[in-house]
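Trainee: What follows is the residue order along each chain.
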Amino acid sequence: MVKLTIDYKEIQVEDGATILDAAVKAGISIPTLCHNEELSPAGACRVCAVEVATDKGPITVASCNYPVADGMVVSTRSEMALKARKLALEMLLAQSPHSEKITKLALDAGLDAPRFSLKGDECVLCRLCVRTCQEVVGLNAITFIAQGLNRDNKEACVEWDADKCIACGSCAFICPTKAVTLCDNVDTRVIQTPNTKMEFKMKACTKCGAYYAPEKQLEYMAKTAKLPIEKFDLCMDCRD
Amino acid sequence: MSSVVFSSWEGQVVDNRSGQHAASAASDIKVPLKYGDSDVAAFISWDGLVLADKKVSVVALVKAYIAEAAKLACGECSMGYRGLAVLADILGRICGGKGQPGDVDLLLDLAQNIQKNVKCDFCANAVIPLKDALRNYREAFEKATSGNEVIPNIDYIKKVTAPCQEACPIHQDVPGYLELVRNRRNTEALKLIRRTNCLPCVTGRTCVAFCEKNCVRGDIDAPLSIRALKRVPADMGIIQPQPFDKGAREDKVAIVGAGPAGLSAANYLARLGYQVQIFDEQPTSGGMTFAGIPSYRLPRNVLALEIEHITSLDILMHPDLRIRHVEDLQKRFKAVLVATGAHQSRDNGIDNWNADYDTLMEGVSFLRDISCGKAIAPKNQVLVVGGGNTAIDCARTAKRLGCKDVTIVYRRGRHEMPARDEEVKAAEEEGIKFQFLAVPTKIHSQNSRVVGAECIRMELGEPDASGRRKPVPMKNSEFTMSADMVLTAIGEVPDTSFLDGALELTSWNSVKADKNGVTVVPWLFAAGDCVSGPASVVEAMAAGKRAAESIHAYISNNKKLSSELALDGVLHDLSLSRRRRGPKLPSTKRLHPRELPPDERVQGFDEAEECFNVQVAAREAGRCLRCYRVMLIVKGQG
Ligand SMILES: Cc1cc2nc3c(=O)[nH]c(=O)nc-3n(C[C@H](O)[C@H](O)[C@H](O)COP(=O)(O)OP(=O)(O)OC[C@H]3O[C@@H](n4cnc5c(N)ncnc54)[C@H](O)[C@@H]3O)c2cc1C
Ligand code: SF4
Ligand code: FES
Chain A
1 MVKLTIDYKE IQVEDGATIL DAAVKAGISI PTLCHNEELS PAGACRVCAV EVATDKGPIT
61 VASCNYPVAD GMVVSTRSEM ALKARKLALE MLLAQSPHSE KITKLALDAG LDAPRFSLKG
121 DECVLCRLCV RTCQEVVGLN AITFIAQGLN RDNKEACVEW DADKCIACGS CAFICPTKAV
181 TLCDNVDTRV IQTPNTKMEF KMKACTKCGA YYAPEKQLEY MAKTAKLPIE KFDLCMDCRD
Chain B
1 MSSVVFSSWE GQVVDNRSGQ HAASAASDIK VPLKYGDSDV AAFISWDGLV LADKKVSVVA
61 LVKAYIAEAA KLACGECSMG YRGLAVLADI LGRICGGKGQ PGDVDLLLDL AQNIQKNVKC
121 DFCANAVIPL KDALRNYREA FEKATSGNEV IPNIDYIKKV TAPCQEACPI HQDVPGYLEL
181 VRNRRNTEAL KLIRRTNCLP CVTGRTCVAF CEKNCVRGDI DAPLSIRALK RVPADMGIIQ
241 PQPFDKGARE DKVAIVGAGP AGLSAANYLA RLGYQVQIFD EQPTSGGMTF AGIPSYRLPR
301 NVLALEIEHI TSLDILMHPD LRIRHVEDLQ KRFKAVLVAT GAHQSRDNGI DNWNADYDTL
361 MEGVSFLRDI SCGKAIAPKN QVLVVGGGNT AIDCARTAKR LGCKDVTIVY RRGRHEMPAR
421 DEEVKAAEEE GIKFQFLAVP TKIHSQNSRV VGAECIRMEL GEPDASGRRK PVPMKNSEFT
481 MSADMVLTAI GEVPDTSFLD GALELTSWNS VKADKNGVTV VPWLFAAGDC VSGPASVVEA
541 MAAGKRAAES IHAYISNNKK LSSELALDGV LHDLSLSRRR RGPKLPSTKR LHPRELPPDE
601 RVQGFDEAEE CFNVQVAARE AGRCLRCYRV MLIVKGQG
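As they're listed, the protein sequences go chains A and B. Per my numbering, the first sequence starts with residue 1, numbered consecutively. Per my numbering, the second sequence starts with residue 1, numbered consecutively.
No wet-lab data here; the hints were simulated from the structure.
Derived lysine-lysine pairs resembling DSSO-like cross-links, with alpha carbons at most 27 Å apart:
id, chain 1, residue 1, chain 2, residue 2
1, A, K119, B, K71
2, A, K3, A, K25
3, B, K584, A, K9
Pulled out of the complex, with its shape left as it was, chain A reads as follows:
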């Protein structure tokens, strides 16, 4: 066990926990954007910034991926922490001015409008979709391409591999900016990402004829559950 102080409150947590884990345990709330309990931390958005005292003076760290240490002193509401959070949200809001979630977080942080604007689509590169696809769905259909030297891509982005994608829609569900959307047009599911539009055939229920799930998703489910595909012929309503 590790003992630390957050906002003057003494807390005991397991070794290896993050500052955010500890805060949650103590009932102290820290705003987050790219964090999700089910996923590994990414430290991408920097919204969860907190102040930590060190022998070289105070620093800010991302609480969602910074591990606790014995005797650590953390402040979640210090001027330094709030300033860091505000700047993080300024970057995000400039990139994705239409996101309700970001707008709300920004208002909470006392930010109405960013001092600058940014070009490009609304994707903030939080990689929630990437991690969901890899860690929850168990596929590697979405990958992050960093910007770098000698690369084919010019800018950092998130890329969908249409061959691997099963159209489950988890990415659209988790995306905080609606940069990925899903739309079912009767017999087709359309997934629109910042850089591609993908269409998938839907499966019709053999009994009532309603289109109820993407064919590829059903195939994937049959394969992972080791069941014959016929087991997935009926929609939820027609199954007994």
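Position chain B with the ligands relative to chain A; hints supplied.
Mentor: Just chain B with the ligands now, with coordinates in the frame of chain A:
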């Protein structure tokens, strides 16, 4: 130019704008002020900026630098990625004559806070020279912002490198491929690796990894497992053919020696379109990677496939053909590269050493015999003389042959062994014994069979030229070790008889050539172990490539200094500090690939080390700090 106008390099401000400190000559500042033959008018990089010519606009210089840095921010955190984009934007509008009131304060505020809140080192470092400039040249920025005048772009030379990349003899883009491995884009990672490395599977298994010794992460916890990480994309792509532009040139180049130096030169020249032919006296290509490095570290099918990638570039191979007189090649080839390695053993100074005995062998011959499939009956007691990697390879190989008792006899102590630590540990795990501070002096034999070796104990005296303490024999300390086989691994020298005196040699019998492989004979070039003495695969590859560049320059009659070579000097002066100025990061554990357990691996020659799986590799690669250093150099008039 003798003095510097302004410098903030390494946080040390030298301000000579008033011209009063004429004493602050260029030599005070640890940055290069020469680029090839030209003076450097200005220089800007991760640790500050330097101006040597007053006429260079600081605002334009900083704008160019931030714009270049913004192209390299990875995107892992929006603070850095968007932050640099915003800074580049604001600087762009200031230089475009469209600055807005408050821009200078905004820049400073953003730069300070971006530096404090980014995820890793690159963007944190990138804003340092901007901050320096804003603090020390505030008037210039204010004037530019309110002036509504367009500030013209400046011409500059750009270089991007990293401490690991600089340490690597073939300068691989280490942070680049680690990032692709982290993001599970291994196909692209391999493509990137192949740009500079034609033996990724070989180096992914056996490289001495200079990069790891220079890895900045080592200052926080432990260096990245760079070598093992390279193996992940390499192994995934081993059967992928490589595209290449078919040769357009008539010129023929001969390469003597199919080791890493020769292969790397051939790869480079064939890609340029030359007709390349390789001669090797051995039936199998690979040089010491085949004949020396044992197959439990480098499986032969892997090596063969990797070499096939190279030879498939229409390279004509002549195995089993020893070149006896290098002049014979001159008539048929435009240029000849000598890449013959160092294979000849030195006199071991042991009395009664009878080279006719097959139980008294040089270590490299023993390893070559095994590699060539020769059967050697297991012995009871084997002594291996030496303390380097070859000694360890001999001992571990003997163990795998079924020899009961294997002892390494080394004249210095454990601490002084030149062998890699992990190799020594692996040998210990496999039950190999060590007799330190001893040297065999005489072989004992009975009825034409070796029965033991007389040894003498040593003690460590004063440090010698290499800085290591010199072993000196202790009087009356003789003792006998029983043995039925003795192998010596005390270093090899090049065999240069086929040169017939065409080239000058050093006292170690190695060929005299400069670092670009150029010799005193215009058409003759040399590279690899035959020049450097026994070194490493990656150094041989680097030397081979540089020699190939020299051959290309010689044949195409192009004498121009390549920008890479001009920058070599610059980088040398900078010694690319490892000093971190990035955010505080928690310490993490270095991940290692799994190994077969010792009792299992000594049963045979199966590969001992496994490859990381993709997930574990992504996690380990995630520890990289991405220490790219961008530098811009503005050339002066001179
Ligand atoms: C036992 C052992 C283990 C090693 N382990 C490692 C390791 O783990 N990692 C690492 O980085 N390095 C290692 N090395 C060192 C590395 O193998 C060498 O530094 C490297 O192979 C040198 O490459 P080269 O091309 O200069 O010469 P070589 O690889 O020696 O190749 C020279 C070739 O030239 C041929 N040749 C010579 N003379 C003639 C002639 N007259 N005509 C025709 N052909 C000729 C030879 O047959 C040979 O094939 C090891 C070396 C040994 C001996
Ligand atoms: S942390 Fe990454 S970029 Fe930095 S030196 Fe190590 S491998 Fe290179
Ligand atoms: S929630 Fe911690 S960095 Fe995004």
